[in-house]
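Following the hints, put chain B in place on chain A, whose structure we already have.
For reference, the chains in residue letters:
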Amino acid sequence: MVHLTNEALSELLDGAQVVGAEKHLSDCPVCRGELEVMRQLRSELRELPQLDPPPELWTAIAARLPGGAPARRFKLGWPKLVALQAAAMAAVFVIGLGLGRFIQPDEGATESVPVSGLVAQTPTGPQLPPASLTDALAEVQRLGVQYDVALRNLERMAAEQGAETPSLAAERLASLNALVEASRTALAVNPADEALNAYLFSALQERDAVMRQINAQGTSSQNRWR
Amino acid sequence: MVDVNEAILVRQACEGGLEAMQQLYERHSSRVYTVVRRLAGDDDLAADLAQDAWANAFQKIRAFRGDAAFGTWIHRIAVNTALTRLRQLARRRDLEQSFDGSTTLGNPDRYPASGAADRLMVQRALDKLPDGYRAVLWLHDVEGFTHEEIGDRLGIAVGTSKSQLSKARARLRALVVEKSAEVVDHGASNE
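As given, the protein sequences belong to chains A and B, one line each in that order. So the first sequence is numbered by my numbering: it starts at 1 and just counts up by one. So the second sequence is numbered by my numbering: it starts at 1 and just counts up by one.
Some hints could be false.
Covered stretches of chain A, as calculated for chain B (at least 3 residues, CB under 8 Å) [as the list claims (entries may be wrong)]:
#1 15 to 25
#2 33 to 43
Now the in silico label distances, taken between C-beta atoms and shown as ranges [claimed, not checked]:
#3 B:Arg119 / A:Pro54: 16 to 24 Å
#4 B:Gly155 / A:Glu47: 25 to 33 Å
#5 A:Glu7 / B:Asn56: 17 to 25 Å
#6 A:Met211 / B:Gly144: 51 to 59 Å
#7 A:Pro49 / B:Gly155: 28 to 36 Å
#8 B:Arg76 / A:Pro49: 20 to 28 Å
#9 A:Pro29 / B:Arg11: 53 to 61 Å
#10 B:Ala7 / A:Arg39: 22 to 30 Å
#11 A:Phe201 / B:Asn80: 43 to 51 Å
#12 A:Gly33 / B:Ala69: 36 to 44 Å
These are computed hints drawn from the structure, not numbers from a lab. Quick reminder that beta carbons are idealized off the backbone N, C-alpha and C, glycines included.
The following block holds chain A by itself, in its conformation from the complex:
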C-alpha cells in the first residue's frame, strides 16, 4: 500500500481537503496513526512551558537605555551612541572619583582625583565639539578606563557606607554640572538626537533637584542618593 506523503499529512493536519485521503485513512492504520502523532506533537508544541530569561538580562538591557547604568561594553562606530556614552561615562566617572576620594582620602591617590579639581579643569561655558569622530572615540576610550576606576570607588562606597552624607550633595552637584556640559558637548555633534536631548533634560532636572535639596536642607540634613 502506498502511504500518504508528509505533505498530504501536513495539509490534513491543517484541515485541508486532500483528494483520496479520507478513503485512504479509513483503510490505513499506519497513516491514521501518523496523523494522530503529528496532531499530538502539535499540541505538545503549544503546551511547552514559558521560559525565564537569564537573571542578568535586565542589567544588559538597562545599560543600553538612556538613563540606564552606563554600558561597559563599547559599541564603536555609531556616532550618536558614542556621544551618549561619552556623556554618561563622564558623569559616572566624575561622581565615582569624587565619592572615592570622600570615602578614602588617604589611599588610592593615583586613582582618586578631587571632583572640585576635575571640575576646575573643565572649561566653563560651551565646549567645542570633538574635531572628528576619531577624537570622540579616543575620548570615550579614555573615559572608559577612568570609568572603571570610578566604578570601583562606587562599589567601595556601597560596601562601606550606607547613606549619603551632606557634603556629598555638593560633590554630586559638581558632577551633574560636568554631566550637563558633557551632554551639551555631545549635542553639538548631533543637536537633533532625541536620546541626548532627553539625557540633558534629565541631568538638568536632577541638578535642579539637588540644588533645591541643598537650599532646603543646608549642610546638616541627610541627603538623598538615588
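Below, chain B alone, put in the same frame as chain A:
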C-alpha cells in the same frame, strides 16, 4: 480591557522612567524570552535577541499608541527581531535547508507511545531543527501565522513555507522518536 497600571507604566517609560521600564520588563520578560528562545533554538542567541528586542522597544516606546496591549506589542517586536536575525543568519546558511528524507512512516512500532513524546523531548527536538524549519513550524503551529505572513516575514514564497512546514513536522516527529528510543535504550541498559 485596558490595564490601567500598565498604561501608567508605559506613560512613565515614555518619559524615560527606568523603573517603569523595568516593571514592564518583569511583567513580560518570560513571554518575550520564550518566543525568541523557541525561534532561536539556542540560549545565547536567545538572550541576545531578547536584549535587542527590549532595547529596541524602549527606544521607540513613544511609537506605542496603545491600540493593542503592551504585551502584544513587545511580543511582535520580539518575533520581528528574531526573524530579522534569522534572515541575516540564513544569508550565510541557506534558509532552504534540505530535508534528509528520514521518516518513520510505515513503521508503526516506532510511534511514540501516548505521553512518551513529553515536553522535554519535544523541546530538545525543536532545538535540533534547522533554523528555517523551526521558524516556520513555530510561527505556524504556535503563533498562528498564515503562510502568507510567514513568507513575508522570512522572505520566502508561500509554497516554500508550506513545504518547510511539512518537512519540519516530519523532522520533528523523527527526532522525537529518536529521543524516545534513546530513553528506552537507556532504561534497558540500566537493568
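Against which earlier hints does the structure fall short, listed by number upward?
When the structure is compared with the hints, numbers 1, 5, 10 and 11 turn out to be violated.
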